[in-house]
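Asks: Chains as they are written, first to last, in my numbering: chain G, 1 to 506; chain R, 1001 to 1506.
Mixed in with the good hints, there may be bad ones.
Distance windows between CB atoms, simulated [claimed, not checked]:
1) R/ASP1283 with G/GLN131: 22 to 32 Å
2) R/GLY1443 with G/SER207: 47 to 57 Å
3) G/GLU257 with R/ALA1237: 31 to 41 Å
4) G/ILE210 with R/PRO1328: 17 to 27 Å
5) G/ILE210 with R/GLY1386: 42 to 52 Å
6) R/ALA1237 with G/ARG93: 52 to 62 Å
7) G/GLU354 with R/ARG1093: 37 to 47 Å
8) R/GLN1133 with G/PHE228: 28 to 38 Å
9) G/PRO102 with R/GLN1175: 23 to 33 Å
10) G/SER122 with R/PRO1328: 51 to 61 Å
11) R/ARG1193 with G/GLU257: 17 to 27 Å
12) R/ALA1237 with G/ILE210: 23 to 33 Å
13) R/SER1061 with G/GLU440: 58 to 68 Å
14) R/GLN1175 with G/SER122: 33 to 43 Å
Computed from the model, here is a short list of chain G residues facing chain R with C-beta under 10 Å [as the list claims (entries may be wrong)]:
15) LEU21
16) LEU28
17) ASP31
18) LEU36
19) ALA38
20) GLU46
21) MET54
22) ALA70
23) GLY151
24) THR154
25) ALA230
26) TRP350
These are computed hints drawn from the structure, not numbers from a lab.
Since we're looking at a predicted model, the values are computed, not measured.
Backbone N, C-alpha and C define an ideal beta-carbon position, used for all residues, glycine too.
Number of protein chains: 2
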Amino acid sequence: MSELPTEYTDLVTELRQIGVLRSCSAVLGWDEQTYLPAEGAGHRAEQLALLAGMSHERATSSRLGELLAALTDEEALGGADSAASANVREARRSYERSMRLPRRLVEELSRVGTLAQQAWVSARRDQNYAQFQPWLEQTMQLKREEASALGSETGNLYDALLEDYEPGATAADIQAVFTPLRQALVELVGAIRDSGATPQEEILTRSYPIEVQRSFARHAAEAIGFSFDAGRLDEAAHPFCSGIGPGDCRLTTRYDEHHFPGAFFGTLHEAGHGIYEQGLPRDAFGLAVGEACSLGIHESQSRMWENFVGRSHVFWQHFYPQAQQRFPGPLSTVGLDDFYAAINDVRPSWIRVEADEVTYNLHIMLRFELEQALISDDLKVADVPGVWNETFHAYFGMTPPNDRLGCLQDVHWSAGLFGYFPTYALGNMYGAQFFEQAGEDLGDLFAMFAGGEFLPLKNWLNENVHAHGRHYRAPQLVERVTGQPLSAEPLLRHLRGKFGSLYGLQ
Amino acid sequence: MSELPTEYTDLVTELRQIGVLRSCSAVLGWDEQTYLPAEGAGHRAEQLALLAGMSHERATSSRLGELLAALTDEEALGGADSAASANVREARRSYERSMRLPRRLVEELSRVGTLAQQAWVSARRDQNYAQFQPWLEQTMQLKREEASALGSETGNLYDALLEDYEPGATAADIQAVFTPLRQALVELVGAIRDSGATPQEEILTRSYPIEVQRSFARHAAEAIGFSFDAGRLDEAAHPFCSGIGPGDCRLTTRYDEHHFPGAFFGTLHEAGHGIYEQGLPRDAFGLAVGEACSLGIHESQSRMWENFVGRSHVFWQHFYPQAQQRFPGPLSTVGLDDFYAAINDVRPSWIRVEADEVTYNLHIMLRFELEQALISDDLKVADVPGVWNETFHAYFGMTPPNDRLGCLQDVHWSAGLFGYFPTYALGNMYGAQFFEQAGEDLGDLFAMFAGGEFLPLKNWLNENVHAHGRHYRAPQLVERVTGQPLSAEPLLRHLRGKFGSLYGLQ
Chain G
1 MSELPTEYTD LVTELRQIGV LRSCSAVLGW DEQTYLPAEG AGHRAEQLAL LAGMSHERAT
61 SSRLGELLAA LTDEEALGGA DSAASANVRE ARRSYERSMR LPRRLVEELS RVGTLAQQAW
121 VSARRDQNYA QFQPWLEQTM QLKREEASAL GSETGNLYDA LLEDYEPGAT AADIQAVFTP
181 LRQALVELVG AIRDSGATPQ EEILTRSYPI EVQRSFARHA AEAIGFSFDA GRLDEAAHPF
241 CSGIGPGDCR LTTRYDEHHF PGAFFGTLHE AGHGIYEQGL PRDAFGLAVG EACSLGIHES
301 QSRMWENFVG RSHVFWQHFY PQAQQRFPGP LSTVGLDDFY AAINDVRPSW IRVEADEVTY
361 NLHIMLRFEL EQALISDDLK VADVPGVWNE TFHAYFGMTP PNDRLGCLQD VHWSAGLFGY
421 FPTYALGNMY GAQFFEQAGE DLGDLFAMFA GGEFLPLKNW LNENVHAHGR HYRAPQLVER
481 VTGQPLSAEP LLRHLRGKFG SLYGLQ
Chain R
1001 MSELPTEYTD LVTELRQIGV LRSCSAVLGW DEQTYLPAEG AGHRAEQLAL LAGMSHERAT
1061 SSRLGELLAA LTDEEALGGA DSAASANVRE ARRSYERSMR LPRRLVEELS RVGTLAQQAW
1121 VSARRDQNYA QFQPWLEQTM QLKREEASAL GSETGNLYDA LLEDYEPGAT AADIQAVFTP
1181 LRQALVELVG AIRDSGATPQ EEILTRSYPI EVQRSFARHA AEAIGFSFDA GRLDEAAHPF
1241 CSGIGPGDCR LTTRYDEHHF PGAFFGTLHE AGHGIYEQGL PRDAFGLAVG EACSLGIHES
1301 QSRMWENFVG RSHVFWQHFY PQAQQRFPGP LSTVGLDDFY AAINDVRPSW IRVEADEVTY
1361 NLHIMLRFEL EQALISDDLK VADVPGVWNE TFHAYFGMTP PNDRLGCLQD VHWSAGLFGY
1421 FPTYALGNMY GAQFFEQAGE DLGDLFAMFA GGEFLPLKNW LNENVHAHGR HYRAPQLVER
1481 VTGQPLSAEP LLRHLRGKFG SLYGLQ
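Please take these sequences and the hints and turn them into a complete structure.
Replies: As structure tokens, this is what we get:
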């Protein structure tokens, strides 16, 4: 291959600098959620707004525009399919999107996002939606302004925002997969309810000392391949994973002495994200091929480790003896099968991040429905708690007793992340597809897990998914890896197989 | 007073932005010392270098130059003594200094500083100076380049660097106070040695569970007035205080189960810095009147709380019953007077931050001597361990058994902080002056401390020292507050009084 154009080299330098600057915001964002003193919130908002403004300035510089304008010949970049072409293509897309946003709006979104999150933390703690409402109102106004400025091919404001998380996807595409999935899930939930089986959920709400939970969760994250030399695990009100930069990826979780699964599966979930971040090519930092493909693909990793691996019977064949040793109080007289049934108890519940694998996607569909209505202004911010509760009742047959267990449970809207939620359900589907393929390629994954061997799967994901970064769009990547387009079928096969046998369904 | 010029308002806006940007570096710097994963060090160096470069760019912008050029009329700023004049004067000084440094050098100093600190951490842990030597060589080269570029009125390279920490001071000024102080201290150390008294130092090396140390140190920091709503206390290899911005000031300490004083007095020391930072006018963030006066004044606060308060008999009249309750193992059979004698045991020791009040200043003088020689290139980096050990022997009559207890103990040189050390001894002198004055103004401080009342002193410092920020230069501030110029006499009075009675000297 001939040498790449010098403009490409200059572009790479510029993109890395923008990446480094954005990663400074990532550190401040992580700190805001973990260690920031209460009275420091105002100053943190100033810091993040300034950095967002400076990043935006660099991301819209005339220099960047000139470099991109000079790099239209894909042949000179090694052909349409080369990494260089992917880097230029994504840089152009991102430049064009940034150019549509005025710096004032970017800074304002950052500032309001920071303060709204602080307001959300208090409102959630105090179960007081009114404290949060004015912040959400400001946020919606800014997000609608952002969506109008960005525009979308469909003319749908929501699609303009979705593009940030799942490039190329539309609300209509997603609805087309969600509608039949919802139908199938509702049937499965019904069959499980009718089975009459009642897992002893109470096992999981006994006393699990937090210090022991902490070390066990860390141990499990390490066992599946998350590196603590290049990462951390801390506490935050809402669990997240932040891939700050090469060698620095941070997970958070939250502990509740009387709820074992929250922190444990939460940590596996975030570690799944972290393993993806740690698997991205370090030397491509700041470039498309060094960043995650899409949030849907990101969630395919987290949900796979959390559910396909972490909630499997074989995983606990390996880990349960350790769990019993670490938690003799609650677990010494509980058998593996009862524990396994308890962690896979399927029933309607309030909190999305703690929902079982079957009902989880229904939580997503609810949010997808509401956030589209918020963006289109068909749903007023003041009406969110009421409409949340009504919709929740329609999906789950019960009404949240307070907003902490209802519309205040998630961090996303406070942070302005509209269009993010559907990627969780996409991730469940992508994850099922990858997992089936890994099984075909690697042989008996379940035997490996039972023996405590998780690195073959991790290495397979490193090679087949992580190493590509954003070289391919999500639909392309899935086709390359599995030979199939996005489909709900592998997910439904997994759920029907696993819960069919667990609940003795036909 | 008439309205301030619009250029002044614009200058304030610009200075605040620079302050906000620098405070982003402060967060990343704090994180580097506390929570950064090992493999993230390289990327952190890139982040800090980029931010340093961007800050430097703003601090040398033509816009800033124009605003300063338009603000030469002190009358229009409310007179030479007004806060606005102080803000402009310090902004001009800082602008002129920045203009002398090329951006490349600023970024390189930042990058090398970050990596050298990481190298220092490993070298110190492994007691292996050779690991650190190449980094210190690079640092010295850059610091000499920096000092030459900055220049100084005396023509002394060291003075050019000292200006960053103690504006207006020179090495010759400092030497002039240090020479008689050294003489007096050596005499006092001799008299104490000859007294034949042998405090039971062993008391302090019994087992003090770290979790209990942690909560006790936090409790004491809170009791003297450090606010945890606007601050934190974490762990780091080298204790420090970072005043990030309004409402966010962070202390660190380190715990050793078998050395009680390290973390406890270290925390009081850092809390003293933190109380100063928390006492600066929040609405003047980014301006001279919103920042600390000098490092000497900063150290006057930390050393005062650590020693004049924390190592006093009356402090422990209040805290000792709590200490006995928290640490029954090591302390239940130890009387207050023996404990008090142990924490004030005067004898030559290896580690500066754990030295007693009398020998402490000798540690500083050693560093002051060596770092001047390093900057002038009379001392080669390769020779540091040997010369450190020889000089240490000359001062203390003993030779460090390894470099961890010798030249690798402090973080300063690895971070490029040359000219910082003498401010610790200045702080001891300033602190003694302030403390005498506070006693005159407030009445019987010792009776207050014995009753657990520390807020009168804290409030006095808030009002007389903290509230002024950098409105006055350190020598002026001291004269304003105490009516006297810098003098070693109050410190010597304190030391002779306290240790004279403790060791039964004449």
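Asks: Taking the numbered hints from earlier one at a time, note which ones the structure violates and give those numbers from smallest to largest.
Replies: 6, 7, 9, 10, 11, 14, 22, 23, 24 and 26
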